[in-house]
Amino acid sequence: MSSRTNRVTILAISKLLNFAVQFLTPIFLVRIIDRELYGQYKEFFVYASLLGTFIAFSIKYNLLYFISKNPNGIKYYVSNTIFLELVTCLIGIIAVFVFKSTIINASSFNFFFLLLVYLIFTKNFDFLEAFWLSQKKSSYVFYYSLIFAVLRVIFVVLTAYLTKDVISILYTVILFEFLRLLFSISYTIYKKLLVLKLDYKFLKEQLVYIVPLGLAGLLVDFNSDVSKIVISTNLGPSALALYAIGSQRVPLISIIQTSIADVIFPDMAEKVKDEPLHALSLWKRANILYLFLLVPLFYLQLYYAELIIKVLFTKDYLGSVSLFQIYLGFFLLQCFEMGIPIRVKNKNRHLLVGHILYTIIHMGVLYLLYYFIGFLGPAIAFVFMETLFVIYFGYIILKIYNINLKELFYWRKIFTIILAGLVCVPILFAGSLLNLNDVVTALLFGTVYIILYLIIISRFHFEETDMFLFKISRKFGLEHRWKKSA
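FYI, the numbering used here numbers position 358 of the sequence shown as 358, with every residue one higher than the one before it.
Possibly wrong hints are sitting among the right ones.
[As the list claims (entries may be wrong)] Straight line, CA to CA, 30 Å or less: simulated DSSO-like cross-link-like pairs of lysine-lysine:
1) Lys192 - Lys75
2) Lys137 - Lys204
3) Lys192 - Lys284
These aren't lab readings, by the way, just hints derived from the structure by calculation.
Let the hints inform the model, and build the full structure from the sequences given.
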């Protein structure tokens, strides 16, 4: 547990720092370029994300599963992964060309050539983070992602300041993705991970795993991005800029989730065959840790939503506050990554069927709510569908592991953590009674809120939270004080 917690901590801190660095990009860009230009910048990445999902097909994540099960086949699994990425990239680029006129007509400016180059650079040799995680080398991910993120943000912001031109900004982004590709190729060659002859036995195993998982992942990302496509196509880049800011905290949600998931998945894959319920308990404990970390963020962001938007993104983006609060419903839902217990059992067809149903229902609900509500409709549709399918996949897990509803989660811990966060909220209301600067009030009473929350949680002595808090306290040399208080 200690080693696993340490890896989660390193990876979570890594991704939090990476996010913090990348988060600076919109904060600076909204002050350098106007809302229309920022909307065009985001428009490019909406298409890049959507099309990139089709090309990537979740191929790299097979390494987390297979290398953990068979460490002796590393070179073959990596080589097959690189080959599959090359094939899907080629097919994807051809498909993008087929829809060239549709993309150009739907977008507010012509970025087609840049889109092709970006997809080629980002979707080949894209396996290093998954490979390192399968080797339990979380620190490698830390340095790799952080260094590239810092350099990219610096040069993107500098380009925006000097040129005020979206195309120039995109050229800078593409340059850094090219450098990342060169690094990945060089590392692969240096570590002799590439075998030119394919192992068809391994390849068949990988395809059986990848195809349903890739299709499910494709549908997940499609459902996440389709609302932005609807907003961009119907309301234009200025509205998309508001929508992008309103959903800005979504990467923060996935940071802690993927940090925990990427660490426990290989461990679960090792244990699930002989000890399925023990493997499931790792996931249940991860849910508690994830919930513990996000509950205070949920309440703080909900209460200070308007201040967050105004301070970070200027008054021009206050129109995104309601959207921001709606998407916070996604916060608590994402504390339960329902796909992991299904994936470690290699029951990916259930994920595929579920996400096909999700997509069909989602498209209907999305357009219905957009028609009646407008700008906020797609966000409400998304949160509604996420709620519905947490319930659906929970039912699938009950069947696969042959357990009852009581055994699905650590229910008492879940409700205790949520209520602990809620009980502390009056502290935030008390802050509004003082005649202080809004930012000072938020920082002061937000800090008091978190301290009170941690004190309450620590009194329950949940193993998951105690271990995490001890690790953090040890980083600051406070482990003796923590032990004493505990």
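**Request:** Of all the hints given earlier, name the ones this structure violates by number, lowest first.
**Result:** 3
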